[in-house]
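Protein chains in written order, with numbering that gives the first Met the number 0: chain A, 0 to 460; chain B, 0 to 416; chain C, 0 to 156.
There could be a bad hint or two in this list.
Each pair of labels, with its calculated beta carbon distance range [stated by the list, open to error]:
(1) B:307 to C:109: 39 to 47 Å
(2) C:2 to B:72: 39 to 47 Å
(3) B:40 to C:21: 24 to 32 Å
(4) B:190 to C:1: 34 to 42 Å
(5) C:21 to B:378: 38 to 46 Å
(6) A:207 to C:114: 35 to 43 Å
(7) C:102 to B:33: 57 to 65 Å
(8) A:369 to B:190: 38 to 46 Å
(9) B:297 to C:2: 58 to 66 Å
Not close to chain C: a few residues of chain A, all C-beta gaps over 12 Å, as computed [claimed, not checked]:
(10) 64
(11) 160
(12) 254
(13) 423
Bear in mind the hints are in silico, worked out from the structure with no lab data behind them. Ideal Cβ placement from N, Cα and C applies to all residues, glycine included.
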Amino acid sequence: MSKVKITVDGRVIEADDGALLIEVLLANGVDIPHFCYHEALGPDGNCRMCMVKLQGAKRPQIACDTFVCDGMEVSLKDPEIRTTVQRILELELINHPIDCPTCDQAGECRLQDYYMEYGLYDSSFENYQKIHHAKHTDLGSNVMLDQERCVLCARCTRFTSNITKTNELGIIGRGDEAHVSTMPGKTLDNPYAMNIIDLCPVGALTSRDFRFARRVWFLGSAPSVCHGCDRGCNITIDHDRPKNGTETIYRFRPRKNERINGHFICDAGRLSYREHNENRQLQIIREGQSIGREEALEAFEQMIGSQKRIMILADANLYNEDLRAIKWYAKEIGALLFVPLESYRDESFGDDWLRSSMRAANARGVENMGINREVSGGYDIDVLINFNHPTPHMIAAGEFIEFQTHQSTNADLIFPLAMFSEYGGTLTNRDNITQDCMQAVNPSGMSLSAQEWVKLLPRRS
Amino acid sequence: MIRDVRIVSSRFGLANSHRLSTVLMRGAYDSLPIHLKRPPEQIVRAVDESGLRGKGGGGAPAGEKWKLMPRNSDTPSYLVVNCDESEPGTFKDREIITRDPHLLIEGMILTSYAIGANHAYIYIRGEYKSFELILRRAVDEAYEAGFLGRDIAGSGFDLDITIHRGGGAYICGEKSALLESLEGKRGHPRLKPKGKEPEWYFGAPALVNNVETIASVPYIVMNGARCYRQFGTAQSPGTLLFSLSGHIERPGIYEAEFGVSMMEYIERFGGGVKGKKKLKGVIPGGISTPILTAEEAARATLDYESLRTLGSSLGTGGMIVLSSEADMHGVLKNILGFYRHESCGQCTPCREGTSWSDQIASRMLRGEATMKDLDKLLELADTMNGKTICVFAPAVSGVILSIIDKFRDEFTERLRP
Amino acid sequence: MSFAFSPENLGKIEKLRSRYPSPKALTLPLLWLVQEQEGYIPGEAFDAIAEITTWSPMDIYKSASFYTMLRFEPAGKYHIKICRSLSCTLCGQAMLYRHLREKLGIKAGETTADGRFTIERVECLGSCGTAPAMQINDIYYEELNTLKLDTILENLP
Ligand SMILES: Cc1cc2nc3c(=O)[nH]c(=O)nc-3n(C[C@H](O)[C@H](O)[C@H](O)COP(=O)(O)O)c2cc1C
Ligand code: SF4
Ligand code: SF4
Ligand code: SF4
Ligand code: FES
Ligand code: FES
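Only chain A is shown next, with the shape it has when bound in the complex (with noise of 0.2 Å):
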């Protein structure tokens, strides 16, 4: 495609030719205001925000309807289009609750930011009745609406129609009675339902879970990638560092790449960050008592002893780093090691999108590193080693030694083990694509992550 020279007030931008003009604008970091267009959605034209000044054009024109040509000459900042900006703005306010205070989406609203940016504050709208629409209608999936701050964008409806197809909503009603619905008795209900929530530019969509939990603006937050199967879905890890007491992860959010999942990812993977909070194993623990450090790596000294025979397995959830960790450590004491993938496997919950059957997200990992992914034939086994595999009965052994995240199994010498969110690492999914995860927040209790571990066990005498 050949390209073209823009000026955008007056500086000259390069774009594709005929490229579309709101996408040339927001990929050159121009803040041209919009809430209808989306990048996974393309245009709709409907909410007006977008108006550019286009030389030669008699009237302002919107940025997400015109192909970028050869010197074509754009504003944003003429003051014709300051001024439509701002009233049009005003118009998607009127029947908008003024209610940021008390607002979820408060410091990540499209529409608080443009108020603030175009001056609306004094606007009145005294005398003006407001339509009072619907103020919590549950959805169904976690996703709570209200219509008076909703404006009707349709991102959301075109979310459920063009990428899910499963159609749950839909703008009902005509003119000033248009607003977002479900069908009559039915409920919004698809595996990627959630997203919407991400779309909806303004507070009109919110999430049940995360309501009222935390305000924006207190969250940190990383980059990281989703563990609910290997499709490794990249999310941002939103979490809080409270001065003291303990940390926690508030949710997870898509981050964007084209090459694996787009803007989305699925709800399962979602709310999978409650898993970092609950029933984590925090101690050290032998028969039931919490034990210390030393006291417990000298347990397991004895337990591996010289002669037994030992299998190690390790969960395909971990860190490529964990898995050579341990994969050198298998050969070091001469043990097994097996990382069976059966056990994850879940035809349920694939689908033809990015949900994937493969429930780890580093089973190509222990692939490419070669570690064997069945356990095939009768082991006699003296001691079992589990790196927090799910389902380390299947092998019978006398002794028990479990690396766990979460409280589990009754082994007989439990190590608390970190989550992906709380140190970094590499993992490879599906596709043979390497990605990093950083950590997000602190190992929580006296929990280390695999490869930590790994450094401080004691080799056979």
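We have chain A already, so just place chains B and C with the ligands on it with the hints.
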């Protein structure tokens, strides 16, 4: 003096003019045996040269639109006749479909032949159910007589006509909304194309014309462009079924050539303002056209150019006459109530703008408004102009501005301090 | 509750199919058939229409809710639609409406307790030349005045 010219309404006066048996001896379908054997381009050329302008409100030259239809393409083309007629003050298409439906059908056959369409639709507003039955019967008659269906009048040309009933939505008269509706969707106007192209129906090229536009085609084809041009003005050739309603002695539709004096028309056909009251203003072509004061009406002639010069437009030619009885607060509130109800709600300035302006008009009517409200109304009118997907909102804007501007004293008088 | 097209309507639908390049275009014709058959459009009909048109049920619901003549609830036996647009207003529709309201004891949007009458105020009916106008079901009544209105109502079966 207004000449008596009847191009579309020539058979309206006959008893049972809607029946094929009546009109068959009065020239109906006479054009087919001759013109369906001649090259279709000739019909396009005749219509183009006649200067026929769309009679649905916009006045776009019909020939220009016809020429956009692809010739000899593999995909089918369609003719869609717009009988959604919902603009307050307009009731002319209704007269055609009930009083000479065969004229419309004949026009559709010629038009379809000219643009290469083998299927034509009539999109008729839902409220017109009882008129639709008359039209349906005429279509059935035409099928039976071999004017529709296969090999029409031995020409080898096939055409089907399907009548499609709307569901009650003014905006479906807008051509792209009409096509959306015909495709089974909500009647949302489409974003306008960047260049000149036909309309699209399921991805196939489609021509949308008003009932009266199509009903004018048989005359032009039979008598030639020059004949059509002997009526009307150079830029607004031919005739229109102008209509009168409101404060008028004899409301109704009366065909006249373009260019006649508005007041003369009102006197001659309408018998003047009702009760011999003083004329206050005229809304010239359906409520979406800016109002004229009595003084402006006196200068107006009934053609596109004159009304444009007066800052209004000819619209559908449906004049609404207002006498000194008319309260402009009531008029404004009434009109804005209509727009609020009929906005498709797709784009923000229109959805919220019509809603808000209607509220302000209510307050002004009740004497509760202040100057601030009036200013807000004018500001809203400005915001609705030229920033929306279709021209619905700009029309609202023009209506508000003209009414407030021309009757400002009446409005300021009732404002609270 | 369930909905099914009558055998007669199923026949009509088969004929309609050949009139359109896509079954999607059948949305409005089918919505009308449902309303004629049931007097309104029950929620259950969306699925039936969706299946024939190949739209999703939501698409049908969205469309149906756009058109003001389509109802999701039954109306009275006589559905009076009185025009409130400009020409009729200039010719006195407000007085007619008031008369109607007093006579039937209901407001616009309501149905009489005996289910006989529903009043609705509608926009221009295309009878501006014969204003004021109204419809009872699909029949037009024009050039109305209160006297004429009384006679019309009295003569309804
Ligand atoms: C809001 C709106 C309503 C319209 N309603 C009608 C209508 O009821 N009938 C009609 O023929 N044209 C109507 N039009 C004009 C159509 O968009 C279109 O221009 C016309 O049908 C083309 O036919 P013509 O060129 O023969 O007039 C309307 C336009 C707008 C913007
Ligand atoms: S709920 Fe949000 S995403 Fe959906 S239409 Fe309203 S503003 Fe847009
Ligand atoms: S598809 Fe898999 S990786 Fe993506 S969000 Fe869902 S569970 Fe996580
Ligand atoms: S201007 Fe009004 S009627 Fe036209 S598309 Fe926008 S909202 Fe719909
Ligand atoms: S982003 Fe362009 S109109 Fe909404
Ligand atoms: S205004 Fe009542 S029918 Fe047109």
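Results for each hint:
{"no.": "1", "hint": "B:307 to C:109: 39 to 47 Å", "in the structure": "45 Å, holds"}
{"no.": "2", "hint": "C:2 to B:72: 39 to 47 Å", "in the structure": "41 Å, holds"}
{"no.": "3", "hint": "B:40 to C:21: 24 to 32 Å", "in the structure": "30 Å, holds"}
{"no.": "4", "hint": "B:190 to C:1: 34 to 42 Å", "in the structure": "40 Å, holds"}
{"no.": "5", "hint": "C:21 to B:378: 38 to 46 Å", "in the structure": "44 Å, holds"}
{"no.": "6", "hint": "A:207 to C:114: 35 to 43 Å", "in the structure": "42 Å, holds"}
{"no.": "7", "hint": "C:102 to B:33: 57 to 65 Å", "in the structure": "58 Å, holds"}
{"no.": "8", "hint": "A:369 to B:190: 38 to 46 Å", "in the structure": "56 Å, violated"}
{"no.": "9", "hint": "B:297 to C:2: 58 to 66 Å", "in the structure": "60 Å, holds"}
{"no.": "10", "hint": "64", "in the structure": "22 Å, holds"}
{"no.": "11", "hint": "160", "in the structure": "7 Å, violated"}
{"no.": "12", "hint": "254", "in the structure": "30 Å, holds"}
{"no.": "13", "hint": "423", "in the structure": "43 Å, holds"}
Violated hints for the displayed structure, listed by number in ascending order: 8, 11.
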